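Chemist: As given, the protein sequences belong to chains A and B, one line each in that order. Heads up: the first sequence runs through residues 1 to 256, numbered per UniProt numbering. Heads up: the second sequence runs through residues 1 to 218, numbered per UniProt numbering.
FYI, nobody ran anything at the bench for these hints, they're computed from the structure. Remember, predicted model here, so these are calculated numbers, not experimental data. Backbone N, C-alpha and C define an ideal beta-carbon position, used for all residues, glycine too. Honestly, I wouldn't trust all of these hints.
Said to hold, decoys possible - For lysine-lysine, the following DSS-like pairs were computed, each having C-alpha atoms within a straight-line distance of at most 25 Å:
hint	chain 1	residue 1	chain 2	residue 2
1	A	Lys135	A	Lys115
2	B	Lys135	A	Lys166
3	A	Lys115	B	Lys116
4	B	Lys116	A	Lys82
5	B	Lys135	A	Lys115
Claimed, not checked - Far from chain B, some chain A residues (derived; all Cβ distances over 12 Å):
hint	residue
6	Ser16
7	Glu31
8	Pro181
9	Val214
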Amino acid sequence: MSEQTHFVEIRHAQKSFGSLEVLKDISLNVERGQIVGIIGSSGSGKSTLLRAINDLDPLTGGEIWLDGVQVNKTLPHRQYEKHINEMRQQVGMVFQHFNLFPHMTARENVTMAPKLLKGLSQADADKLAEEQLDKVGMLERIDYYPSQLSGGQKQRVAIARALAMKPKLMLFDEATSALDPELVEEVNMVMKKLAEEHMTMIIVTHEMDFAASVCDRVLFMDKGVVVEEGPPSVLFKNPTQDRTREFLRKHIEGAS
Amino acid sequence: MGLDFSIIPKYMDIILLGVGWTVGITVAAALLSFVGGIIFAVIALYAPWLIRQPFRLTEWVFMGTPLLLQLFLIYFGLVQIGIDLPAFVAGIIGLGLHFAVYNSELIQTAILAVDKGQMEAARTLGLSRTQALRKVVIPQAVRAVIPPIGNNMIALLKDSALVSVIGVSELTLSAQRVIGKTYRPFEFYILAAAFYYVINLCMEWVQRKIERRISISR
Numbered sequence: 001m002s003e004q005t006h007f008v009e010i011r012h013a014q015k016s017f018g019s020l021e022v023l024k025d026i027s028l029n030v031e032r033g034q035i036v037g038i039i040g041s042s043g044s045g046k047s048t049l050l051r052a053i054n055d056l057d058p059l060t061g062g063e064i065w066l067d068g069v070q071v072n073k074t075l076p077h078r079q080y081e082k083h084i085n086e087m088r089q090q091v092g093m094v095f096q097h098f099n100l101f102p103h104m105t106a107r108e109n110v111t112m113a114p115k116l117l118k119g120l121s122q123a124d125a126d127k128l129a130e131e132q133l134d135k136v137g138m139l140e141r142i143d144y145y146p147s148q149l150s151g152g153q154k155q156r157v158a159i160a161r162a163l164a165m166k167p168k169l170m171l172f173d174e175a176t177s178a179l180d181p182e183l184v185e186e187v188n189m190v191m192k193k194l195a196e197e198h199m200t201m202i203i204v205t206h207e208m209d210f211a212a213s214v215c216d217r218v219l220f221m222d223k224g225v226v227v228e229e230g231p232p233s234v235l236f237k238n239p240t241q242d243r244t245r246e247f248l249r250k251h252i253e254g255a256s
Numbered sequence: 001m002g003l004d005f006s007i008i009p010k011y012m013d014i015i016l017l018g019v020g021w022t023v024g025i026t027v028a029a030a031l032l033s034f035v036g037g038i039i040f041a042v043i044a045l046y047a048p049w050l051i052r053q054p055f056r057l058t059e060w061v062f063m064g065t066p067l068l069l070q071l072f073l074i075y076f077g078l079v080q081i082g083i084d085l086p087a088f089v090a091g092i093i094g095l096g097l098h099f100a101v102y103n104s105e106l107i108q109t110a111i112l113a114v115d116k117g118q119m120e121a122a123r124t125l126g127l128s129r130t131q132a133l134r135k136v137v138i139p140q141a142v143r144a145v146i147p148p149i150g151n152n153m154i155a156l157l158k159d160s161a162l163v164s165v166i167g168v169s170e171l172t173l174s175a176q177r178v179i180g181k182t183y184r185p186f187e188f189y190i191l192a193a194a195f196y197y198v199i200n201l202c203m204e205w206v207q208r209k210i211e212r213r214i215s216i217s218r
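Between the sequences and the hints, there should be enough to build the whole structure, so can you do that?
Modeler: Next comes the structure, spelled out in structure tokens:
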């Protein structure tokens, strides 16, 4: 095992579901405070790559490192479970379908994990919930249940829930894809705010404009490989690969 | 000999004592069947093979044999291996475990029906699988399953009459005893039936209360 030099380091990531290879030897480095966007058509492997970073979809080959620690290291089952739970506490994840806990209020959604895993008192947890929900503009809905919230509001609560664990890294898996168009902006605003605070983020998205405006670097994936990567100004304006050009043409025309 | 309901008040204390036993045994067995149902469901779905297989056999015994036989086995059979349970305890255990197996079936289905994203979201926050089940998945499964479990509990109330055969003076046996003295089967069986009906109404009322409370919190 060689020494890790980047904040997030993915080395030769490989993933197969049976005989289907969905990630083929992908390597990727992300520095602290960077925002990396991943674009590509569905089935390109972009969500699988994102989900491999916190081991939701474990790799079948390769290594994932976060801040000097290997995420997917080989350990006996019990120790691995303990290790992975500790790693996941440092990585926030936001899902396409929010996955808020429907039987808990916004406050309880945010405080459940910090109370359980970090032993926060109810008073500290309440303070934390107010802080985090305020940050995403949801403080006035703190005691609402998810069913009483709009999609955009749900997603903002889900972001607050992830932030409450004070993660080093945030993963966004098509966070706005399930939203009505008029609700997308409020979630994008929250993500932009996080960007301004230099949160390290990896964002899988279908929204080219948003990727162009917040990301330091964008990767285009197709059929399990990174076809092309670069700063958005270069990748969106002067892609060098035919596949990238074709994808962007379809997507930007489709959107307008 | 015509019908004479005026005889009822004289024996009301015996009947009411029977009502008390029926309610007590039903409530205790219902709680046991609920908690047991959750535990059985988790074992059936998540325990290692070595635990799951003998457990399935036990499950089959409870589902595939008459409750009456199970009560005899627990009350009379266990004495032979040194476990001498009071009749009402044997009754609660028999009824409770029997219905726990049925509740477990319902809860298993409900656990499997909870959206996979719920477990994922919980694991992503750093919860272990056990913690995620306890805090996120099972509470949702239990909420979904309250109405059908309510039906099982009504069945439990009716089957509680079976514990009369091991000598617990619950409502049915109390009625029989009074009939033995008065030779008035119609009046006292009707009275017992009326009490079962009232207890039934109370149980439905409690169930509605629970459901309403849960529906607000969704």
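Chemist: Hints broken by the structure, by number, lowest first?
Modeler: none
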